[in-house]
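Number of protein chains: 4
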Amino acid sequence: MGAHIIDNRMVGGSFGTTEMRQVWDEKNRFQKHLDVEAALAYAEGEVGLIPEKAAKAIEAHADADHYDLDAIAARVAELQHTLMPTIEALQHQSGDYGEFVHYGATTQDIVDTGTVLQLKEAFTIVERDTKAVALLLRGLAEKYRNTLMTGRTHGVQALPITFGFKCAIWLDELLRHLDRLKEIKARVLTGNISGAVGTYASFDGKGPEIEKLALEKLDLNVPNICWQSSRDRFSEYASVIALISGTLGKIGNEFYLLMHTEIDEIEEPFTAGKVGSSTMPHKRNPSSCEGLASLTQPVLHAAALIHQSLTMEHERDAMSWRAEWIALPELNIYLSAQLQLAQGILKGLTVRKDNMLKNLKLQHGLILSEKVMFELGKEVGKQTAHHLVYTCAMTAFEQERPFEDVLWEEAEIRSRFSKEEIDHWLDPAHYLGSTQTAINRVLQRADTVLGRPVQQ
Amino acid sequence: MGAHIIDNRMVGGSFGTTEMRQVWDEKNRFQKHLDVEAALAYAEGEVGLIPEKAAKAIEAHADADHYDLDAIAARVAELQHTLMPTIEALQHQSGDYGEFVHYGATTQDIVDTGTVLQLKEAFTIVERDTKAVALLLRGLAEKYRNTLMTGRTHGVQALPITFGFKCAIWLDELLRHLDRLKEIKARVLTGNISGAVGTYASFDGKGPEIEKLALEKLDLNVPNICWQSSRDRFSEYASVIALISGTLGKIGNEFYLLMHTEIDEIEEPFTAGKVGSSTMPHKRNPSSCEGLASLTQPVLHAAALIHQSLTMEHERDAMSWRAEWIALPELNIYLSAQLQLAQGILKGLTVRKDNMLKNLKLQHGLILSEKVMFELGKEVGKQTAHHLVYTCAMTAFEQERPFEDVLWEEAEIRSRFSKEEIDHWLDPAHYLGSTQTAINRVLQRADTVLGRPVQQ
Amino acid sequence: MGAHIIDNRMVGGSFGTTEMRQVWDEKNRFQKHLDVEAALAYAEGEVGLIPEKAAKAIEAHADADHYDLDAIAARVAELQHTLMPTIEALQHQSGDYGEFVHYGATTQDIVDTGTVLQLKEAFTIVERDTKAVALLLRGLAEKYRNTLMTGRTHGVQALPITFGFKCAIWLDELLRHLDRLKEIKARVLTGNISGAVGTYASFDGKGPEIEKLALEKLDLNVPNICWQSSRDRFSEYASVIALISGTLGKIGNEFYLLMHTEIDEIEEPFTAGKVGSSTMPHKRNPSSCEGLASLTQPVLHAAALIHQSLTMEHERDAMSWRAEWIALPELNIYLSAQLQLAQGILKGLTVRKDNMLKNLKLQHGLILSEKVMFELGKEVGKQTAHHLVYTCAMTAFEQERPFEDVLWEEAEIRSRFSKEEIDHWLDPAHYLGSTQTAINRVLQRADTVLGRPVQQ
Amino acid sequence: MGAHIIDNRMVGGSFGTTEMRQVWDEKNRFQKHLDVEAALAYAEGEVGLIPEKAAKAIEAHADADHYDLDAIAARVAELQHTLMPTIEALQHQSGDYGEFVHYGATTQDIVDTGTVLQLKEAFTIVERDTKAVALLLRGLAEKYRNTLMTGRTHGVQALPITFGFKCAIWLDELLRHLDRLKEIKARVLTGNISGAVGTYASFDGKGPEIEKLALEKLDLNVPNICWQSSRDRFSEYASVIALISGTLGKIGNEFYLLMHTEIDEIEEPFTAGKVGSSTMPHKRNPSSCEGLASLTQPVLHAAALIHQSLTMEHERDAMSWRAEWIALPELNIYLSAQLQLAQGILKGLTVRKDNMLKNLKLQHGLILSEKVMFELGKEVGKQTAHHLVYTCAMTAFEQERPFEDVLWEEAEIRSRFSKEEIDHWLDPAHYLGSTQTAINRVLQRADTVLGRPVQQ
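Chains as they are written, first to last, in the working numbering: chain A, 1 to 456; chain B, 1 to 456; chain C, 1 to 456; chain D, 1 to 456.
These aren't lab readings, by the way, just hints derived from the structure by calculation.
Each hint should be verified, as a subset may be incorrect.
Which copy is meant is left open, because identical chains are indistinguishable; a pair holds if it fits in one copy or across any two.
DSS-like cross-link-like pairs, simulated, lysine-lysine; straight-line CA separation at most 30 Å [as the list claims (entries may be wrong)]: (1) Lys182 - Lys56; (2) Lys182 - Lys27; (3) Lys361 - Lys182; (4) Lys217 - Lys56; (5) Lys206 - Lys185; (6) Lys131 - Lys182; (7) Lys212 - Lys182; (8) Lys182 - Lys120; (9) Lys185 - Lys419; (10) Lys56 - Lys358; (11) Lys358 - Lys347; (12) Lys185 - Lys131; (13) Lys217 - Lys185; (14) Lys212 - Lys143; (15) Lys347 - Lys120.
Note that the coordinates shown come from a computational prediction; the quantities given were computed from them, not determined experimentally.
Build out the structure end to end from the sequences listed, making use of the hints.
Below, the structure is given as structure tokens:
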């Protein structure tokens with residue numbers, strides 16, 4: 001049973017996908033340690049540092065299924081060393097060739113490179129699902145490119161936008177995240193096998209060659225120099241995860257806001273049987289959106305924690321790892337839940353166009369005060385216009401009267417414009433500016449990054 | 001198997017004690033939910049809101065051992081609600097009386113009060129172990145009150161202290177932490193049962209009475225008003241945990257520093273069989289100290305995360321809980337490991353008095369320049385003395401000569417003092433000031449807080 | 001001119017009050033250093049370590065107005081030491097008695113105790129203004145104790161509450177904060193004068209007495225033992241500030257939410273002339289509320305930063321101070337702005353009772369589904385009732401029909417209750433439970449903590 | 001006078017360079033606002049939205065030197081709007097053409113684009129100084145590539161390295177940071193001018209063209225779509241700054257460690273006149289290194305703060321800006337101090353080769369236990385060898401005898417090897433592995449990134 005919520009059977013699924021939790025599961029972690037030992041043996045066999053037969057034997061036994069993790073765990077407690085028992089077990093299984101297990105390597109070589117192997121699997125998932133979310137947003141941006149809704153600044157109605165425009169802004173963010181993932185990939189997925197202090201001293205002069213062969217075997221990149229005391233790659237990865245999580249959390253929060261009973265412009269997918277409240281039968285809560293929104297803070301704090309590992313002392317200390325062992329799984333796992341939630345929400349989203357329109361008209365035209373100001377400004381100058389329109393707007397607001405009526409009482413306006421002109425200005429559909437141009441630019445870029453979507 | 005390091009069988013033990021992990025284990029969490037439902041039923045039976053027989057029936061079935069958590073977990077996924085399946089299961093077991101389970105309560109009542117019950121168990125452990133660490137430090141402060149060592153500022157030798165003095169400073173900190181725990185206890189251990197928005201509306205006018213009876217049954221305090229949207233108690237608790245963790249991490253870091261090969265003034269307990277390095281046979285690493293030091297950052301970041309829950313929207317949202325579900329177990333669990341590590345280290349600490357003395361003499365008296373300055377100052381004025389002594393010190397430093405010799409070449413000194421006087425000044429044991437007074441004050445306060453220790 | 005926003009003349013006022021910025025202004029900082037030197041001289045004069053005349057001379061020159069801070073700043077750059085130039089200047093002004101300035105003290109003694117003196121001024125302001133905010137909330141809780149509004153959970157309408165109830169919850173939080181301030185006060189306001197490594201070695205055996213006299217002169221508490229390497233008091237203070245800031249930010253955020261055009265239940269004070277938007281004349285932005293809400297994150301991060309100082313190395317290092325020099329002023333200053341903003345908003349708050357009622361009726365009774373369920377449950381059992389009412393609620397929601405009508409079509413209801421009964425259940429004023437009891441408990445506690453308010 | 005330490009005249013210089021503080025000074029901030037207004041007017045003139053003469057007039061008055069910032073600050077307080085007074089002042093100076101100032105723009109357009117202009121100046125400084133630090137490290141890596149010193153893991157002596165190797169690892173990190181800066185540059189330095197909700201509605205259909213012309217004029221990139229609610233670029237920049245700061249802080253901390261009196265392997269530049277301690281004449285503190293090390297935490301926390309802005313509500317809120325206004329200057333300013341300190345330290349570093357060698361020999365050969373194990377392993381198998389050598393190492397450690405002597409008593413060794421062989425193994429210079437290869441790889445990459453250094 002789990003003490004951490006991620007491993008809680010009842011609710012752990014809300015904090016991470018099964019797929020991503022398996023990447024960081026202790027069995028996979030153990031497997032990765034075996035993989036690195038096997039690759040090391042392979043490389044050392046190739047260059048003749050150990051017998052080729054030993055290499056083959058070690059590789060043959062690098063399968064986590066054949067080990068008793070409970071026994072190894074017991075031995076960890078005994079030796080007070082986290083890797084030695086794994087080495088011992090592999091040695092034992094490798095029989096006479098056991099001597100050649102972990103030859104010349106240091107614990108850190110295995111553990112760090114193993115972590116990067118886990119990270120590689122996580123990276124693939126994150127990239128795949130970020131693309132999937134981007135594609136869904138692309139779909140929404142196009143589908144709702146003309147769906148009028150209220151643009152709000154400071155929580156207050158500001159000017160009309162379209163729902164597709166809102167989605168296009170998020171899409172543009174996600175495209176940047178995909179660029180970022182691409183840029184950091186080679187740097188982040190770099191292994192390290194260079195011995196106790198990174199000098200390859202224990203590899204009889206063949207260290208660099210062994211490292212290269214082993215890492216290539218593991219499909220990882222080769223560093224210029226040992227990075228045991230340089231943890232920037234993990235922090236860099238965490239930073240990009242934090243950015244993705246930030247966007248997803250923002251989307252969740254935005255939908256949560258738009259689901260307020262009084263706004264009610266969208267609704268997250270509601271499956272029959274889903275229970276909103278244990279006591280209020282009428283409740284339909286934005287629970288997926290809240291889930292989506294809520295996981296950004298844990299990701300941000302895990303990212304901040306991992307940055308503390310940037311400071312290492314001397315050639316290595318054992319203080320920073322722990323932060324990594326905690327935070328790397330966390331941020332990947334929380335993000336995986338966000339990526340899944342986002343896909344579910346975006347796929348099944350209900351867009352209440354009628355309510356969007358209703359809200360847009362809530363202030364009886366007040367929302368288009370800027371338009372009136374600009375039109376009036378062409379005649380009387382912008383400053384004068386701002387002053388006049390401001391006064392009318394405040395009157396309409398305080399007396400709760402239609403803006404149109406108040407404007408029509410204003411001599412400066414009445415003397416210059418017709419009622420039809422004012423009507424035209426106050427129609428939100430006429431004040432969308434170059435929304436479509438901006439959406440188009442984003443869609444084009446999306447097609448470049450994501451490929452042209454097939455007909456859905 | 002665990003995806004989070006806390007639940008990792010191999011190394012989870014380094015991140016939390018078994019005892020504390022069990023407090024936060026999902027089974028105990030489930031048990032606490034049953035406990036709250038049972039206490040609620042009891043209270044509602046007492047005031048006649050539900051039949052007394054129903055209350056008895058519900059109380060009788062509130063035992064986690066009789067439930068299939070896997071089945072409940074499956075149902076959570078189905079209903080997308082974290083508590084309903086628990087309620088259902090309890091209803092089912094309570095037979096005809098099942099109707100009266102969770103009567104008038106909201107999910108949050110059960111989950112929050114359940115969390116406080118877990119916190120109560122954690123609190124007891126933290127208080128007990130903080131006292132235990134304090135007692136060990138008390139012992140060291142007394143035992144080594146006269147053991148001379150180098151006081152260092154900026155990492156550089158400054159003036160003599162004693163090892164007991166160093167321990168007394170830490171002890172004084174821990175005594176403050178114990179005061180803090182005492183001050184916050186009643187506030188933190190407060191339950192909450194007041195219905196969906198905290199108005200007790202669903203309790204037929206008997207809400208406050210029911211809440212009082214139920215919470216007293218659970219041995220928790222009763223709030224003035226609903227705190228569903230007021231999470232300050234959790235943040236407050238987290239803050240005190242952070243302070244304790246800070247002190248423990250500092251001790252770990254200090255011992256790690258003092259174990260540098262070149263300093264080598266203490267050694268953490270080294271048990272036969274313990275493996276330092278998988279490749280370097282000679283290594284005796286300060287691994288317990290590093291463990292102790294390394295867990296402060298995770299605690300600080302968990303505490304920072306939980307502070308994000310201070311902002312709740314409206315009468316309640318589902319965004320802050322998640323941070324609490326993540327961070328509350330984390331900070332208690334990490335601290336439990338620190339408290340255990342600290343006890344182990346302090347109990348088995350090797351203090352290398354000889355090395356302490358050796359280091360104190362490393363600079364051939366330079367460390368007592370302040371003393372010389374004050375004595376000389378009485379004759380020639382402090383400013384002049386500072387100037388003269390500074391010059392001698394820099395000469396001794398750059399020429400790597402005994403300070404005494406350089407001083408003796410200085411006419412202002414030679415003309416005024418004897419070599420014996422200088423010798424006396426340069427003896428560190430003569431320059432400990434009122435160290436003993438300060439240690440005494442701390443020991444006295446320790447006895448007040450911890451009780452007078454029995455002969456060890 | 002300022003590079004940090006706090007010192008920006010144009011907008012710095014939004015980030016801190018003038019009063020609090022002056023507490024942390026460099027001139028006051030300098031004055032506090034002089035104050036500590038003067039108190040030290042006084043104490044040393046009393047015990048006879050320095051001539052009483054010297055003490056008097058030094059005290060006489062401890063006035064920041066008589067110093068040229070630019071010259072001192074230039075000298076700091078030269079000596080690369082932050083305090084020496086202050087000591088020099090004071091020595092210079094003290095003439096022949098200058099020798100006795102800073103006698104036996106270390107830089108840290110002066111700087112730390114000086115900081116605590118600044119903190120004392122800040123503490124007074126924080127306590128005063130937190131009380132003022134609490135008193136305003138007390139007023140609102142009482143005034144609006146019967147003002148019906150919608151209680152919302154998950155951003156969705158849940159059950160009726162009153163506006164006074166909402167305020168009472170915040171008030172209860174603030175009362176806890178006042179308790180916390182009280183509890184930590186003596187601990188936090190503790191000075192430290194004990195020499196280079198805290199042993200009082202340089203005070204000729206009179207250290208503890210000197211420290212006591214000097215700190216009493218400064219109206220600060222006396223520590224048991226040197227706390228140069230124990231910074232927990234600053235972190236503790238920061239934690240309480242973080243809690244207060246959390247409550248204030250939550251209030252700001254809540255009002256910002258309630259000012260959404262579609263909700264529009266309250267309005268922050270709007271002074272004539274205030275400009276909402278540089279381009280949209282109709283905008284009335286919740287700018288004070290946003291200001292109030294926005295400063296919590298900077299406070300939380302400053303508090304997290306200061307916690308990093310908990311780890312000090314050896315008897316002292318120069319790495320943690322910097323975090324304190326940055327974060328202590330920050331968190332006090334940001335909080336001062338929040339306390340001021342909160343007072344302004346609470347004093348001038350417009351409560352739109354009509355809109356509150358309008359929103360409460362928005363769902364045509366759906367919000368009282370729980371009440372219906374309980375009443376029906378008394379007849380048919382709670383489970384059956386939950387099922388029936390849930391079905392009716394979902395129908396009403398999806399068909400956008402009055403809940404009452406849908407209920408009336410349900411045979412189980414129609415056969416048992418009259419239309420008048422249903423009407424009565426669906427009246428929010430009848431479903432406020434024990435709101436008044438809870439409010440009363442908080443008001444009573446407020447009177448204990450704040451004193452009984454005079455007639456306003 | 002400054003309330004924030006950055007603006008403190010006495011010590012602000014330790015928290016940021018004058019150059020970088022000027023970038024973020026309020027006058028430069030004001031100038032940037034004028035620059036954006038001028039570029040906007042220019043673009044609007046070009047496309048004919050406003051008269052070209054108006055554009056020229058506005059551009060002509062966009063000089064901060066001609067404005068009274070105190071008067072503007074007073075007006076900010078009055079209008080409770082941070083930008084309007086600037087617009088007013090520019091309008092006033094532009095006379096009749098004032099009408100056309102800020103035409104169609106929203107406050108956010110000006111403030112955000114202005115911030116990016118400041119960021120551009122900061123970016124240039126950061127890039128320049130990061131390169132400078134990298135070049136200095138390149139020099140040290142080459143100069144000391146053969147300078148033997150102790151490699152330490154867990155604070156304990158592990159195996160020999162060279163000082164140049166240590167520097168090369170840091171250099172490799174810095175080269176990665178330079179890559180990162182390059183990758184993010186175009187994304188980060190992107191402006192935004194698109195009106196109140198980003199739709200360009202107020203630009204009469206010419207918005208995208210105007211934005212493009214204006215941003216090109218300012219030498220900034222053009223976004224695909226409005227980023228008022230997408231703050232990821234700032235967080236991304238902060239993340240890279242955090243990484244650079246992490247490396248610099250690590251270097252500072254490392255030198256601080258190596259300056260411990262007992263280790264004493266390097267010394268930071270010590271200028272005559274510099275005061276170490278106000279009371280201890282002999283102290284030579286690593287104050288620059290401590291400064292360097294200490295500023296990483298403030299940068300990390302400022303970076304964490306800015307990540308909180310990732311969540312924006314609706315089309316924009318006023319809550320995230322504040323975090324940016326606080327954190328962006330902070331992290332640039334603190335980093336500028338670190339970059340300057342690092343250059344100073346690296347330029348004037350004293351490397352105590354003798355002490356490095358002395359420390360390497362401190363354990364009488366124990367540090368080469370791994371080498372002995374490998375050589376012995378070739379004869380008796382690695383496991384047996386590890387066991388034998390471990391036993392000898394523990395004996396040598398506990399009895400404090402030369403490792404060589406203990407080894408020589410071991411029959412398995414004595415029977416197989418000569419004393420000369422053992423001597424050879426225990427010579428650290430013979431156990432540096434492929435250190436040179438790794439250094440070469442880094443130097444080559446440095447030359448690619450930094451250009452081949454001219455003879456120094």
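Hints, one by one, checked against the model:
1. Lys182 - Lys56: Close neither inside one copy (35 Å) nor across copies (44 Å); limit 30 Å.
2. Lys182 - Lys27: Within one copy only: 29 Å inside a chain, 39 Å across chains, cut-off 30 Å.
3. Lys361 - Lys182: So lysine 361 and lysine 182 fail the 30 Å test inside a copy (44 Å) and across (47 Å) alike.
4. Lys217 - Lys56: This pair counts as within: shortest intra-copy Cα distance 14 Å, inter-copy 65 Å.
5. Lys206 - Lys185: Only inside one copy: lysine 206 and lysine 185 sit 28 Å apart there, 40 Å across copies, limit 30 Å.
6. Lys131 - Lys182: For lysine 131 and lysine 182, the Cα distance is within 30 Å both inside one copy (12 Å) and across copies (24 Å).
7. Lys212 - Lys182: The answer is both: 23 Å in one copy and 27 Å across copies each meet 30 Å.
8. Lys182 - Lys120: both (13 Å within a copy, 24 Å between copies)
9. Lys185 - Lys419: neither (60 Å within a copy, 51 Å between copies)
10. Lys56 - Lys358: neither (72 Å within a copy, 44 Å between copies)
11. Lys358 - Lys347: within (24 Å within a copy, 34 Å between copies)
12. Lys185 - Lys131: Result: close both inside a copy and across copies, 15 Å intra and 23 Å inter.
13. Lys217 - Lys185: Within one copy, since 18 Å is at most 30 Å while 34 Å is not.
14. Lys212 - Lys143: between (50 Å within a copy, 27 Å between copies)
15. Lys347 - Lys120: Intra 27 Å, inter 40 Å, cutoff 30 Å: intra-copy only.
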